[in-house]
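Given chain A, work out where chain B should sit, using these hints.
Residue strings, one per chain:
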Amino acid sequence: MVLPSSVGCLQLNLGAGAVPSHRRNHRIFGAGHREGVRHSLAPVRTPLYEQHVAAGAKLVDFAGWEMPVQYEGVREEHVAVRTHAGVFDVSHMGEVEVEGPGALTFLQRVLSNDVAAIGPGGAQYSCLCNEEGGVLDDLFAYRLGGDRYLLVTNSANHAADLAWLGRWSRGFDVAVRDVADRYAMLAVQGPHARAIVRATLGVELPPRMHAGAVRIGGRPAIACGTGYTGEDGVELLIDPEVAPPVWAELLDAGVVPCGLAARDTLRLEACFHLHGNDLTPERNPIEAGLGWCCVESTGFLGAEAVARARAEGTAERLAPFRIEGQGIPRQGNPVLAGGEQVGVVTSGSFSPSLEVGIGMAYLRSDLAEPGTEVEIDVRGKRRAARVASKPLYESPSSRKEK
Amino acid sequence: MILADASYPDELLYHDQHDWARLEGDDHAVFGVTWYAQDSLGEVVFYDPPEVGAAIDKDSSYAEVESVKAVSDVIAPLSGEIVEVNDALADAPEQINEDPYGEGWLVRVKLSSPAEAEALLGAEEYRKLLENE
Chain A
1 MVLPSSVGCL
11 QLNLGAGAVP
21 SHRRNHRIFG
31 AGHREGVRHS
41 LAPVRTPLYE
51 QHVAAGAKLV
61 DFAGWEMPVQ
71 YEGVREEHVA
81 VRTHAGVFDV
91 SHMGEVEVEG
101 PGALTFLQRV
111 LSNDVAAIGP
121 GGAQYSCLCN
131 EEGGVLDDLF
141 AYRLGGDRYL
151 LVTNSANHAA
161 DLAWLGRWSR
171 GFDVAVRDVA
181 DRYAMLAVQG
191 PHARAIVRAT
201 LGVELPPRMH
211 AGAVRIGGRP
221 AIACGTGYTG
231 EDGVELLIDP
241 EVAPPVWAEL
251 LDAGVVPCGL
261 AARDTLRLEA
271 CFHLHGNDLT
281 PERNPIEAGL
291 GWCCVESTGF
301 LGAEAVARAR
311 AEGTAERLAP
321 FRIEGQGIPR
331 QGNPVLAGGE
341 QVGVVTSGSF
351 SPSLEVGIGM
361 AYLRSDLAEP
371 GTEVEIDVRG
381 KRRAARVASK
391 PLYESPSSRK
401 EK
Chain B
1001 MILADASYPD
1011 ELLYHDQHDW
1021 ARLEGDDHAV
1031 FGVTWYAQDS
1041 LGEVVFYDPP
1051 EVGAAIDKDS
1061 SYAEVESVKA
1071 VSDVIAPLSG
1081 EIVEVNDALA
1091 DAPEQINEDP
1101 YGEGWLVRVK
1111 LSSPAEAEAL
1121 LGAEEYRKLL
1131 ENE
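Sequence order for the protein chains is A and B.
Mapping of the first sequence onto my numbering: position 218 corresponds to residue 218, and the numbering continues sequentially without gaps.
Each number in my numbering corresponds to the 1-based position in the second sequence with 1000 added.
Just so you know, the hints here were simulated from the structure itself, not pulled from any lab data.
There could be a bad hint or two in this list.
[Said to hold, decoys possible] No farther apart than 30 Å at their CA atoms in a straight line, the calculated lysine-lysine pairs in the DSS-like style are these:
| id | chain 1 | residue 1 | chain 2 | residue 2 |
| --- | --- | --- | --- | --- |
| 1 | B | Lys-1128 | A | Lys-58 |
| 2 | B | Lys-1058 | B | Lys-1110 |
| 3 | B | Lys-1128 | B | Lys-1058 |
| 4 | A | Lys-381 | B | Lys-1058 |
| 5 | B | Lys-1110 | A | Lys-381 |
Extracted from the complex, chain A is given alone in its bound form (with noise of 0.2 Å):
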């Protein structure tokens, strides 16, 4: 068997979102090898490498970060985070402060949605797009204060971001900051998180998309009700130097360590997009279906090009679908109806919930609606599928919560 050592035969795919935006075409092979892709310097440890080694974990090159990609086996983790709690290290996510009097209409210039609606201690999703609607990065935004904002940018789009938020913010009373350094970011998700971090941490957590200032570790700390799974939970932006302590605080109130794999199948079976695969520059929100978080009203960068895609439609349209049968899709297979191409996935695993294949893909917009019939490709095998609608897995937890 080629194993998942070389590089070739095996596609360890995490989703190419975590590689550079001017190397977004290659995939992640195998376990700790990226093709393509040099670093000029080592990978970045997290605050938590020490604790993630101890556990066992698999360790692969993402996004110049040496992160965890499972520790005992991708499906038992996807299972605790739909079950109980999992705990994801992901302080490879980027931080970036806004702050002044110009914050507000800073961001209502660059983020595609109405960043006017968010109240103190609100967090809202939003797109980051360039002049011609195509997406550059996706995004929470959390309101700390009354123009004090923070930005949770992902790790590959991070400093391209910055530069991006610089260059645009001359003209405007406001202050960029690079304040990644500041935190490390740990994702608690499951229906069981809350209660958990509430009584091992001691913290009050705010709502559901609302952010709010905490104590963690005896450090000021952001505890936001948001997350990446579909579950209930928390992401914790916590001191780095306290992050070895409270993991393990988690790890012994019975929160299972979680890696990047399965993070990845979770985000997939909510239908979360990942940028780099199902969100790239080249793509506007209309045709991602992320109209929802577009205001074009508010006059962002992008605006223009967003409502005309509104008005006028999309020639293709980011769709969930399933296998019917037997096979795996994966990232770039091509999408078949009536034997002709009309689509391309851009994301595609196995779903630990649902048992089958399952994926999204970019088809012809016709095409794009629940029930539809299609076949994927997968590595020369055409495999039975149908669009589905979104969620693929809706979670107990989270409908109890909306």
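The following block gives chain B in isolation, referenced to the frame of chain A:
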């Protein structure tokens, strides 16, 4: 669950791409993947077997096994023609993890060049190779 401890039975022959062959009579063999291979791949969720009757070549891929996040080609340790595939793996691919040398066998092959087996490794040689992986 993954079989906890590494094992490499002495009666098998090994290919350096982490496949094993159990010779049967003069010109038949059963193939599978080694403990090391299944441990590296993680929990197998799908095995795509070849067709019975297909010709396979030593050192070439004849099947795929997939874990949740990865696809691996399975390499033929010897050449021949598939005479049987392990259909039970369609419903229980995890047998490749749990019992890689028993219930997790992949194919039975009528060998076209039984002498090729002389190039395969013994268990001790294969263990030495793994020490350098």
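Quick rundown of the hints versus the structure:
Of the supplied pair hints, the one linking Lys-1128 (chain B) and Lys-58 (chain A) holds, its CA atoms being roughly 23 Å apart against a limit of 30 Å. Distance check on the hinted pair: Lys-1058 (chain B) and Lys-1110 (chain B) sit about 13 Å apart at the alpha-carbon level, within 30 Å; holds. At most 30 Å may separate the alpha-carbon atoms for a hinted pair to count; Lys-1128 (chain B) and Lys-1058 (chain B) meet this at roughly 22 Å. Restraint check for Lys-381 (chain A) and Lys-1058 (chain B): the C-alpha separation of about 23 Å stays at or below 30 Å, so the hint holds.
For the suggested pair Lys-1110 (chain B) and Lys-381 (chain A), the alpha carbons sit about 26 Å apart, so the restraint of at most 30 Å is met.
Comparing the model with each earlier hint shows no violations; every hint is respected.
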